[in-house]
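Visitor: Single-letter residue listing:
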Amino acid sequence: MLDIELCGIKMRNPLMLASGILGSYSSSLNRIAENAGAVVTKSVGAEEREGYRNPVLINYGDGFVNAVGLSSPGAEVFSKELKNFRGGCPLIVSLFGSSPEEIAHLTSFFPFADAFEINLSCPHAEKVGLAVGSDPTLVREIVTYVKKSTSKPVFAKLSPNVNDIVEIGKAAEKGGADGVVAINTIRGMSIDILSRKPVLSNISGGVSGEAIKPIALKCVWDLYENLKIPVIGVGGITTWKDVVEFMLAGAEAVQIGSAHFYSYKLFFSLKESLLAYVRKNEPLKEIIGMAHG
Amino acid sequence: MLDIELCGIKMRNPLMLASGILGSYSSSLNRIAENAGAVVTKSVGAEEREGYRNPVLINYGDGFVNAVGLSSPGAEVFSKELKNFRGGCPLIVSLFGSSPEEIAHLTSFFPFADAFEINLSCPHAEKVGLAVGSDPTLVREIVTYVKKSTSKPVFAKLSPNVNDIVEIGKAAEKGGADGVVAINTIRGMSIDILSRKPVLSNISGGVSGEAIKPIALKCVWDLYENLKIPVIGVGGITTWKDVVEFMLAGAEAVQIGSAHFYSYKLFFSLKESLLAYVRKNEPLKEIIGMAHG
Amino acid sequence: MFSVRVKNVTKHSKDTVTVTFNVSFRSFPGQFVMLNLPGHEEIPLSLSSPDSVTVRAVGETTEALVNIQPGELLGIKGPMGRPFSIPNGTALLIAGGIGIAPLIYLHDYIIGRGGEVKILYGVRTSEELINHRRFENIKISTDNGSAGFHGNVIDLLKVEDRPDRYSRIYCCGPEIMLRKLYDFFKENKLLRKVEFALERYMKCGMGVCGSCALENGLMVCSEGPVFNGVELEW
Amino acid sequence: MFSVRVKNVTKHSKDTVTVTFNVSFRSFPGQFVMLNLPGHEEIPLSLSSPDSVTVRAVGETTEALVNIQPGELLGIKGPMGRPFSIPNGTALLIAGGIGIAPLIYLHDYIIGRGGEVKILYGVRTSEELINHRRFENIKISTDNGSAGFHGNVIDLLKVEDRPDRYSRIYCCGPEIMLRKLYDFFKENKLLRKVEFALERYMKCGMGVCGSCALENGLMVCSEGPVFNGVELEW
Ligand SMILES: Cc1cc2nc3c(=O)[nH]c(=O)nc-3n(C[C@H](O)[C@H](O)[C@H](O)COP(=O)(O)OP(=O)(O)OC[C@H]3O[C@@H](n4cnc5c(N)ncnc54)[C@H](O)[C@@H]3O)c2cc1C
Ligand SMILES: Cc1cc2nc3c(=O)[nH]c(=O)nc-3n(C[C@H](O)[C@H](O)[C@H](O)COP(=O)(O)OP(=O)(O)OC[C@H]3O[C@@H](n4cnc5c(N)ncnc54)[C@H](O)[C@@H]3O)c2cc1C
Ligand SMILES: Cc1cc2nc3c(=O)[nH]c(=O)nc-3n(C[C@H](O)[C@H](O)[C@H](O)COP(=O)(O)O)c2cc1C
Ligand SMILES: Cc1cc2nc3c(=O)[nH]c(=O)nc-3n(C[C@H](O)[C@H](O)[C@H](O)COP(=O)(O)O)c2cc1C
Ligand code: FES
Ligand code: FES
Numbered sequence: 009m010l011d012i013e014l015c016g017i018k019m020r021n022p023l024m025l026a027s028g029i030l031g032s033y034s035s036s037l038n039r040i041a042e043n044a045g046a047v048v049t050k051s052v053g054a055e056e057r058e059g060y061r062n063p064v065l066i067n068y069g070d071g072f073v074n075a076v077g078l079s080s081p082g083a084e085v086f087s088k089e090l091k092n093f094r095g096g097c098p099l100i101v102s103l104f105g106s107s108p109e110e111i112a113h114l115t116s117f118f119p120f121a122d123a124f125e126i127n128l129s130c131p132h133a134e135k136v137g138l139a140v141g142s143d144p145t146l147v148r149e150i151v152t153y154v155k156k157s158t159s160k161p162v163f164a165k166l167s168p169n170v171n172d173i174v175e176i177g178k179a180a181e182k183g184g185a186d187g188v189v190a191i192n193t194i195r196g197m198s199i200d201i202l203s204r205k206p207v208l209s210n211i212s213g214g215v216s217g218e219a220i221k222p223i224a225l226k227c228v229w230d231l232y233e234n235l236k237i238p239v240i241g242v243g244g245i246t247t248w249k250d251v252v253e254f255m256l257a258g259a260e261a262v263q264i265g266s267a268h269f270y271s272y273k274l275f276f277s278l279k280e281s282l283l284a285y286v287r288k289n290e291p292l293k294e295i296i297g298m299a300h301g
Numbered sequence: 009m010l011d012i013e014l015c016g017i018k019m020r021n022p023l024m025l026a027s028g029i030l031g032s033y034s035s036s037l038n039r040i041a042e043n044a045g046a047v048v049t050k051s052v053g054a055e056e057r058e059g060y061r062n063p064v065l066i067n068y069g070d071g072f073v074n075a076v077g078l079s080s081p082g083a084e085v086f087s088k089e090l091k092n093f094r095g096g097c098p099l100i101v102s103l104f105g106s107s108p109e110e111i112a113h114l115t116s117f118f119p120f121a122d123a124f125e126i127n128l129s130c131p132h133a134e135k136v137g138l139a140v141g142s143d144p145t146l147v148r149e150i151v152t153y154v155k156k157s158t159s160k161p162v163f164a165k166l167s168p169n170v171n172d173i174v175e176i177g178k179a180a181e182k183g184g185a186d187g188v189v190a191i192n193t194i195r196g197m198s199i200d201i202l203s204r205k206p207v208l209s210n211i212s213g214g215v216s217g218e219a220i221k222p223i224a225l226k227c228v229w230d231l232y233e234n235l236k237i238p239v240i241g242v243g244g245i246t247t248w249k250d251v252v253e254f255m256l257a258g259a260e261a262v263q264i265g266s267a268h269f270y271s272y273k274l275f276f277s278l279k280e281s282l283l284a285y286v287r288k289n290e291p292l293k294e295i296i297g298m299a300h301g
Numbered sequence: 181m182f183s184v185r186v187k188n189v190t191k192h193s194k195d196t197v198t199v200t201f202n203v204s205f206r207s208f209p210g211q212f213v214m215l216n217l218p219g220h221e222e223i224p225l226s227l228s229s230p231d232s233v234t235v236r237a238v239g240e241t242t243e244a245l246v247n248i249q250p251g252e253l254l255g256i257k258g259p260m261g262r263p264f265s266i267p268n269g270t271a272l273l274i275a276g277g278i279g280i281a282p283l284i285y286l287h288d289y290i291i292g293r294g295g296e297v298k299i300l301y302g303v304r305t306s307e308e309l310i311n312h313r314r315f316e317n318i319k320i321s322t323d324n325g326s327a328g329f330h331g332n333v334i335d336l337l338k339v340e341d342r343p344d345r346y347s348r349i350y351c352c353g354p355e356i357m358l359r360k361l362y363d364f365f366k367e368n369k370l371l372r373k374v375e376f377a378l379e380r381y382m383k384c385g386m387g388v389c390g391s392c393a394l395e396n397g398l399m400v401c402s403e404g405p406v407f408n409g410v411e412l413e414w
Numbered sequence: 181m182f183s184v185r186v187k188n189v190t191k192h193s194k195d196t197v198t199v200t201f202n203v204s205f206r207s208f209p210g211q212f213v214m215l216n217l218p219g220h221e222e223i224p225l226s227l228s229s230p231d232s233v234t235v236r237a238v239g240e241t242t243e244a245l246v247n248i249q250p251g252e253l254l255g256i257k258g259p260m261g262r263p264f265s266i267p268n269g270t271a272l273l274i275a276g277g278i279g280i281a282p283l284i285y286l287h288d289y290i291i292g293r294g295g296e297v298k299i300l301y302g303v304r305t306s307e308e309l310i311n312h313r314r315f316e317n318i319k320i321s322t323d324n325g326s327a328g329f330h331g332n333v334i335d336l337l338k339v340e341d342r343p344d345r346y347s348r349i350y351c352c353g354p355e356i357m358l359r360k361l362y363d364f365f366k367e368n369k370l371l372r373k374v375e376f377a378l379e380r381y382m383k384c385g386m387g388v389c390g391s392c393a394l395e396n397g398l399m400v401c402s403e404g405p406v407f408n409g410v411e412l413e414w
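Quick note, the sequences are listed as chains A, U, D and B, same order. Just so we're aligned: the first sequence equals residues 9 to 301 in this note's numbering. Just so we're aligned: the second sequence equals residues 9 to 301 in this note's numbering. Just so we're aligned: the third sequence equals residues 181 to 414 in this note's numbering. Just so we're aligned: the fourth sequence equals residues 181 to 414 in this note's numbering.
Do not rely on the hints blindly, as some may be mistaken.
[Stated by the list, open to error] Below 20 Å or equal to it, Euclidean Cα-Cα: the simulated PhoX-like pairs (lysine-lysine) are:
(1) K236/A - K160/A
(2) K298/B - K338/B
(3) K279/U - K293/U
(4) K236/U - K279/U
(5) K160/U - K205/A
(6) K288/U - K205/A
(7) K155/A - K178/A
(8) K319/D - K369/D
(9) K178/A - K156/A
(10) K205/A - K293/U
(11) K288/U - K249/A
(12) K293/U - K18/U
(13) K293/A - K293/U
(14) K288/A - K160/U
(15) K182/U - K160/U
(16) K18/U - K279/U
(17) K338/D - K298/D
(18) K373/B - K338/B
To be clear, the hints were calculated from the coordinates, so they are not data collected in a lab.
Bound-form chain A, shown alone:
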């Protein structure tokens, strides 16, 4: 009763692991895959990249600020790691890079992926993050290239740090994206008042978690109103009620990251709670976008 089909990918439920959370190793992905509808890996680039020095994560009570950075072992090494993925659910590989060619080339390393997600939106990575994702022309071009490189579905992950997320979403749609994922983290930072220095080694990072839920929801709402392709909602989802809220706003599926801070049994618990919900209501796929008009 929870099953959905997202751009041809059959998922047992609409709950996906968000990129960058527990997604660097097959061992943790396998574990999450036992209950998730799909898992998205940590974003991978062409070459090995260090990411930022510790500390890279702050819990500020209402959410997190992270500057893990686009740390990556490089596509070749990562594809070896992912060969140990046992396939408990569909596997989506998240890609980043600084040019259309560079990103499109990455897909060839992951023939076993069920889909690709393009990370257009990391707020704290120079050149490969937001700089790429706030330019509609570049976004369209990247998506076009990536689509040409693979027959698998391609999702574009959008940033809220823009004048108008719908404009970027439309550019991705025109480029041929099969769906958009919204949102990545929001630029933020924290200062330690005793040492009088920024807490994160990188000074600033991206805000995630419950704090950003209303902001993410509004992005999903707007994208649903203006695009034809599916919207995947992400940002602050923690309880089954949040899942329902995002689906009512128009999300065909949702991704969950920060809430794994609370429990690794999250997907199991959410799945059980959603089952209870659909028993009293209609199947989940029927509520998508119902809060509109």
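Since the structure of chain A is already known, use the hints to place chains U, D and B with the ligands on it.
Guide: Below, chains U, D and B with the ligands without anything else, positioned relative to chain A:
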């Protein structure tokens, strides 16, 4: 020990009431003025405007989503109301409008104001809010006009819902702004999963309160690095530690809105706590920007 | 915000009903809720019991509410606001029109705890009276003389009773009536004993927006709606 | 995150010190903190008592930490992680090198509650030994024979003692040593009694990023660092 001078305005402390909170009547402004460094009124426009229908405010745990809208009695009526302000501290009148001329004209109604704040940034008011504040050319022109209309200091209040808040801040600076205020609320919304409808009558609104603190802090940090004029920090400030954090990031003064949900004695408590802080440390004005480089 | 369902609607007159919810709130007499009938405005309404509001149609939303059906969903914020204080002797309740709503709750609360209550209840015409027969110790006034004392509730108070005999006096009704009562009690040096339940136009209902500010800067939604006479500057 | 001040630095050898804080943490043996010396990396360190860490210089941050001065500020997250379980009979503690750090805390904790502890402590040379004279019931091994038993701690274990006589066995040290101990205890069907304190490269330290995942998907920062032998798949 807490006193500061902000663009020539002497304030007994750097704590200002943010626009739109308890700022529609002289009676409540008088009360807050007993302990605040300065008070900013609710934003006022040329004509009477209704604002949105109730419900206009949600408390979502990590903060608020509001769509009060730019409800306004109109400049003439509001100026009469403000004549009852007893002058317990400097009075800053917040202005909105849809054209440079319109906004500049408003200053003439408030000869008793100690300064003006231009609201360039309401995320949920059509035509007079964010639409105005995300266009650098228009922002510059508005500030230029308003500056010409008055000899009082003029602050430009910026929105975080833009590609690059620094670009807008620079435009305000070039227009002659005496300072910038960052940030206004962030676009957001909430859906009631039982009635399956958006909670706010206006569908979406602006997120404020503790949730947005790291986001506001990052904007203040960036503006401080890139502008010469003073930055006034606002967004999620609730405790004295938040005040110190914003000042370390570069704020010369701070504004506080949502936290009045917790107490109307807030400015009194913050003032007392900050006094305890400066007794063990340097005067507040000396810590401005200290977390930088 | 959370949702409740309408359990029951009792019609008192052509424009006044009591709406009972399927849940009972932990609350005190004098507290109110922000009630949102989906598709309409959110409005403040006093609780007339732990699980009901009593509402009179005066505009769009109240009109819709008077015609609501059992089973419908309502959004609720609250209960909130400062309640009436509890008397330690006989209480005098003075209601004008729909101002009876919170006083019904207060009456039942005091009686339920073994206290004594007298009610003075003024309306324009007898058709406006809500369920007044349920109260034991009540005097009524009507502006047109169609029931009880002919005149307003202040005249009734003057002829009927000596207010200084009561341990506490509670007033709710149109502001014009409250201001007259204020003057009367001030003259008689009784203000300290008197509590007024006030109404103001409310937007946020959470003490943030300031639209419900009184002349002295107090907020009706978060610091009221009940104020002691000495707190007011009328 | 919060800040503490360095109260005291005790030098054990040229590259190892114990840093004592001005505050004592509510914590259990086996738990660790994410420690941030401003300007350097944030690193995980086991508590060697409720108010100290014992650290060996192996790279940039640990180097800086070994040279820290009393009065300096440190950022701390934690204490966190799953602690050692408490034995209900005599405990055997097996340490390799700096792996002694959390076992110092465990030792003192058990002794303080009237329990009995035996320690086997292996190092490469006697210069590496940390304060070993404070322990009553201890046997030492050195790879080069410069003190105690000549050989590694596993050889020492085999000649010295019958591990099945202990109610619980706790191991901390380099992974290569832990894996050998794992094999040994597995062979002797004692895994269920044995707890291993593991190390992994940690980024977030909060169970979110996944960089500390074990081969079986368990997270060292949030589900460890202490694991029972049967939980590991080595
Ligand atoms: C604390 C409090 C308790 C109240 N308790 C009750 C009660 O128990 N029963 C009852 O029938 N009424 C009560 N009211 C009054 C009730 O809130 C208004 O009658 C209602 O809001 C009118 O809404 P409407 O859309 O039907 O009318 P509208 O067409 O909006 O206006 C009709 C009249 O109501 C006033 N009004 C409109 N909106 C509000 C608002 N948000 N707050 C206050 N006044 C408003 C208008 O100024 C106008 O005079 C209470 C008001 C307050 C502040
Ligand atoms: C749970 C736990 C408890 C620990 N307790 C202690 C202790 O009590 N005393 C002690 O001296 N050391 C302890 N360590 C090891 C300590 O964290 C590393 O020595 C330290 O991080 C090295 O940092 P560096 O900058 O000095 O060295 P680097 O120059 O960064 O690297 C030196 C070596 O340390 C490893 N390392 C670097 N960063 C980390 C990291 N964040 N997490 C784990 N390993 C890392 C590297 O892979 C490399 O092998 C513990 C580690 C963990 C995971
Ligand atoms: C520690 C951390 C690392 C992240 N790494 C990535 C990443 O590599 N690629 C990416 O697209 N998003 C990354 N994100 C963003 C998340 O995928 C997600 O969009 C965001 O956290 C909002 O969802 P949440 O509130 O459920 O965490 C990361 C988030 C966190 C907290
Ligand atoms: C109910 C409400 C009404 C507001 N009205 C205005 C307004 O009229 N003009 C304005 O410039 N900002 C307005 N704001 C934004 C605040 O001034 C402030 O920028 C924002 O709330 C962030 O600060 P905070 O987290 O301290 O509330 C309003 C905010 C709230 C919550
Ligand atoms: S209604 Fe907003 S402060 Fe009272
Ligand atoms: S260090 Fe991030 S999950 Fe353990």
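Visitor: If a hint holds in the structure, say so; if it doesn't, say that too.
Guide: Hints and how they fare:
1. K236/A - K160/A: holds, 19 Å
2. K298/B - K338/B: holds, 14 Å
3. K279/U - K293/U: The hint holds at about 14 Å.
4. K236/U - K279/U: This hinted pair is violated, its Cα atoms lying about 27 Å apart.
5. K160/U - K205/A: violated, 35 Å
6. K288/U - K205/A: holds, 18 Å
7. K155/A - K178/A: holds, 16 Å
8. K319/D - K369/D: Judged against 20 Å, a Cα distance of about 24 Å means the pair is violated.
9. K178/A - K156/A: holds, 18 Å
10. K205/A - K293/U: holds, 17 Å
11. K288/U - K249/A: Cα-Cα ~47 Å, so violated.
12. K293/U - K18/U: holds, 13 Å
13. K293/A - K293/U: violated, 56 Å
14. K288/A - K160/U: violated, 62 Å
15. K182/U - K160/U: Between K182/U and K160/U the Cα gap is close to 17 Å, so the pair holds against 20 Å.
16. K18/U - K279/U: Holds. K18/U to K279/U sits at ~16 Å (cutoff 20 Å).
17. K338/D - K298/D: holds, 14 Å
18. K373/B - K338/B: Holds, because 17 Å separates the two Cα atoms, which is no more than 20 Å.
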